[in-house]
Amino acid sequence: GNSVTQMEGPVTLSEEAFLTINCTYTATGYPSLFWYVQYPGEGLQLLLKATKADDKGSNKGFEATYRKETTSFHLEKGSVQVSDSAVYFCALNAGNMLTFGGGTRLMVKP
Amino acid sequence: DTGVSQDPRHKITKRGQNVTFRCDPISEHNRLYWYRQTLGQGPEFLTYFQNEAQLEKSRLLSDRFSAERPKGSFSTLEIQRTEQGDSAMYLCASSTSGATTDTQYFGPGTRLTVL
Numbered sequence: 001g002n003s004v005t006q007m008e009g010p011v012t013l014s015e016e017a018f019l020t021i022n023c024t025y026t027a028t029g030y031p032s033l034f035w036y037v038q039y040p041g042e043g044l045q046l047l048l049k050a051t052k053a054d055d056k057g058s059n060k061g062f063e064a065t066y067r068k069e070t071t072s073f074h075l076e077k078g079s080v081q082v083s084d085s086a087v088y089f090c091a092l093n094a095g096n097m098l099t100f101g102g103g104t105r106l107m108v109k110p
Numbered sequence: 001d002t003g004v005s006q007d008p009r010h011k012i013t014k015r016g017q018n019v020t021f022r023c024d025p026i027s028e029h030n031r032l033y034w035y036r037q038t039l040g041q042g043p044e045f046l047t048y049f050q051n052e053a054q055l056e057k058s059r060l061l062s063d064r065f066s067a068e069r070p071k072g073s074f075s076t077l078e079i080q081r082t083e084q085g086d087s088a089m090y091l092c093a094s095s096t097s098g099a100t101t102d103t104q105y106f107g108p109g110t111r112l113t114v115l
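Heads up: the sequence lines are chains A and B, in that order.
Numbers 1 to 110, taken from my numbering, label the letters of the first sequence in order.
Numbers 1 to 115, taken from my numbering, label the letters of the second sequence in order.
FYI, nobody ran anything at the bench for these hints, they're computed from the structure.
Beta carbons: idealized from backbone N, C-alpha and C, even for Gly.
Cβ-Cβ distance ranges computed for the label pairs, FRET-style:
no.: 1; chain 1: B; residue 1: N51; chain 2: A; residue 2: G9; range: 32 to 40 angstroms
no.: 2; chain 1: A; residue 1: L46; chain 2: B; residue 2: N30; range: 14 to 22 angstroms
no.: 3; chain 1: B; residue 1: R81; chain 2: A; residue 2: K56; range: 47 to 55 angstroms
no.: 4; chain 1: A; residue 1: E42; chain 2: B; residue 2: R22; range: 13 to 21 angstroms
Computed footprint of chain A on chain B, listed as stretches where at least three residues anywhere in the stretch have a Cβ under 8 angstroms from a Cβ of chain A:
no.: 5; region: 41-47
no.: 6; region: 104-112
Put together the whole structure using the sequences plus the hints.
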């Protein structure tokens, strides 16, 4: 079956530090890949997506590249802000539903 | 476009009671999904509708759970004889055609607490 594995948190960084959150997946076929973000007290928001191999999704300074050879979709940001503190979920869609990873909590300190 | 809405936002009930949640999707979206999220975990798929037809159900959806989308617009999720293990956040999402490239947009969720 389909599955998503992402690094466990919490990840604690100082403001302006470089961020990487690892995500790897197992899927049949050719899934689309997503990063969603959940800010405290809010619902899931789409952060970025990629629909085929070597695509790069980007939004709000965050980037992730669909790597078919390593079945990965790692999330990166060059300089995090306190306002980026949230839980980040990697997900794939290989049919009619999203399969999510367990989430990674990011805490950014001033 | 007002986004996906869910009602109520919070529900506290006693074990054994029935509860019903409502989801209103983005108006032009024909697909509607229900997910469940327990504390510290990612959301898990429960079921989805294309228009009024329920096309897939997860094994997580026991016979105490029933979902409907009678007119292809809003949807309801009912849990009968609630158990403490049903305590979770219930998320609704909607999308357009349902291709793997389509984005699912989520509502704020309904947090259920079963005492």
